[in-house]
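Heads up: the sequence lines are chains Z and S, in that order.
Numbering of the first sequence is given in this note's numbering, commencing with residue -9 and proceeding in unit increments.
Numbering of the second sequence is given in this note's numbering, commencing with residue -9 and proceeding in unit increments.
If you're looking for bench data, these hints aren't it; they were derived computationally from the structure.
Everything numeric in this text was worked out from a predicted model, so none of it was measured.
There's no promise every hint is true.
Identical copies carry no separate label here, and so any pair may be met within one copy or between two of them.
[Unchecked claim] As a list, the in silico SDA-like pairs of lysine to any residue whose alpha-carbon atoms are at most 20 Å apart:
{"id": "1", "residue 1": "Lys132", "residue 2": "Leu73"}
{"id": "2", "residue 1": "Lys48", "residue 2": "Pro81"}
{"id": "3", "residue 1": "Lys24", "residue 2": "Asp130"}
{"id": "4", "residue 1": "Lys24", "residue 2": "Asp144"}
{"id": "5", "residue 1": "Lys87", "residue 2": "Gly53"}
{"id": "6", "residue 1": "Lys129", "residue 2": "Leu155"}
{"id": "7", "residue 1": "Lys48", "residue 2": "Gly74"}
{"id": "8", "residue 1": "Lys5", "residue 2": "Ala175"}
{"id": "9", "residue 1": "Lys5", "residue 2": "Lys75"}
{"id": "10", "residue 1": "Lys48", "residue 2": "Glu304"}
{"id": "11", "residue 1": "Lys14", "residue 2": "Leu73"}
{"id": "12", "residue 1": "Lys87", "residue 2": "Gly215"}
{"id": "13", "residue 1": "Lys5", "residue 2": "Asp27"}
{"id": "14", "residue 1": "Lys132", "residue 2": "Gly143"}
Number of protein chains: 2
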Amino acid sequence: MEYMSPSSGLWSGRKRAAIRVRAKIMDSARSWFKIHDYVEVQGPIIIPALGDRPSSFKIRYFGEDAYLTQGSQPYADTLTRNLGKVYMIAPVFRAEKMSTGRHLAEYWRIEAAVPSCSLEDLIQTEEQLVCHISNCLSKDAKEELNLLGRSVGDLSKIRPPFTRLTYDEVIEMLRDAGYDIQWGATLQWEHEEYLSLQFSQLFFISEFPVGLETYFYESHPDKAGSTLSVDLLAPEGYGEISTGGIPIGKIGELQRMMEEVGVSPAEQEWYARLRKMGHTPSAGFALGVERITQWICGLEDIREASAFPRSINEIYP
Amino acid sequence: MEYMSPSSGLWSGRKRAAIRVRAKIMDSARSWFKIHDYVEVQGPIIIPALGDRPSSFKIRYFGEDAYLTQGSQPYADTLTRNLGKVYMIAPVFRAEKMSTGRHLAEYWRIEAAVPSCSLEDLIQTEEQLVCHISNCLSKDAKEELNLLGRSVGDLSKIRPPFTRLTYDEVIEMLRDAGYDIQWGATLQWEHEEYLSLQFSQLFFISEFPVGLETYFYESHPDKAGSTLSVDLLAPEGYGEISTGGIPIGKIGELQRMMEEVGVSPAEQEWYARLRKMGHTPSAGFALGVERITQWICGLEDIREASAFPRSINEIYP
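If we strip away everything but chain Z, and leave its shape as in the complex, we get:
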């Protein structure tokens, strides 16, 4: 394992600018949440090790196994039930072996959960938040954006509504472009990149097939096999920056869905225990801090968006 930063302790001007932009993205996101009466919260980082979860880092917790969180969506029920609209900015962790320049093992997310919120409301919430961030940055980060060679004018012009595609439409677009992809398949990085290069503005992809998303979203009322889920993608090849949807409400349906996609009984138990503490219908999304920083700054390598990046086999000091 390599502990030393390849670039020594002194950062390039680009890296300094990127880390300053990252701070301003967080600040502008918080100002939007504050204006709209969201309560700031922190979900747990250490979670119970129920089930076998190779995508999570395992820790030894007072002699027993536990995992590092992959996101606080499972805790949104308790939070929205007690506090209404909530948001958090916190680190999450993924132990999957993914390519180094595109994925981090440790990254920060802006997560939000909104009680009694439709998919359309959720999409509009994300649009407003991301427009607020872009517009704030175009005013507050001119110097950094100029240094990074990004257009301040383009950022200031970002307005809702963003282009909206469904998963079904995206599969058609990809097949028309010659990709060999079936309905129901996960979008790979090459697919996202192709789509992302077709647009000069942010765009949504909604209604993913059952079983494709990390969390368990409600079935679409008018479209069998599809869910109330939505991703937000950045243009110019940067790809997915946010994922979200409406989590399944009924415990029976949740358990049926978990069985269908092969979640182990032990992990099902964790969701069931959380759900037994009560359910508030809500919708939520998570925006990747390093991903939105990468897009706004035009960074080739996502590690430039983190002061001390952690990726597969790499821990800089």
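Based on these hints, arrange chain S on the given structure of chain Z.
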């Protein structure tokens, strides 16, 4: 291990108020840092597993061992060198077996680092920050504080300077009160509690003996055996809410100090590697989010200051 919250998913009014106050503490701290031109940063959560560190949680990181951070002070050099004054609000982790109602295994800290800053400047920085937080809360959290039975008037009256004691003075006070404690000993919880009950306002304890603090602080230029370190304690028995000081600059002195207090050669190597990336003289402190929340809200159990508390042998869902 117990996974279920003792109180079910529905929180008491006190807990809701405490979590809202916690959010407002973070918000007011950030507004102070923003006014004073600090750059917001995030240190790493996963750190290299050099040395044997029973007080840190161990994780499996792509087939190798790593640890969860206990705080980003060792990374302050790189951050201040590249960005000047910095702050972060992030989770930290302690695997020590400490009493459940007073200590958390996972908690959040407000950390700051300031280049070229004397101990006196550091003390004044903390005073200003904590006064700003208290005064903001007295305006923005009246409803929550009333529900919790805390005096809004008392918070609004908090002003610098806070009482300043040295470690030497504190040892004398404790011996006068009948405690059997020698100069050089760590202050135990009972000592902190006794001291904290003697004051109705916040107070500092500075110049701790070499080897007592978690980090490695500069030797006091006029007092052999003492360091340039300072803790901030809350009154009414709440005890320590912040710890800080001036980290040792010279690599040779740092290594001598680490050897003196018995740091393993492997862990010394981690500090040495970080230091080889360059050093900027700076001072820093860390304010415990749950600790300041506990004091401001008057909470008996620190777990009330966290939405999903993790303490020894306990992971609520």
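Among the hints numbered above, which are violated by the structure, and what are their numbers in rising order? 4, 6, 7, 8 and 12
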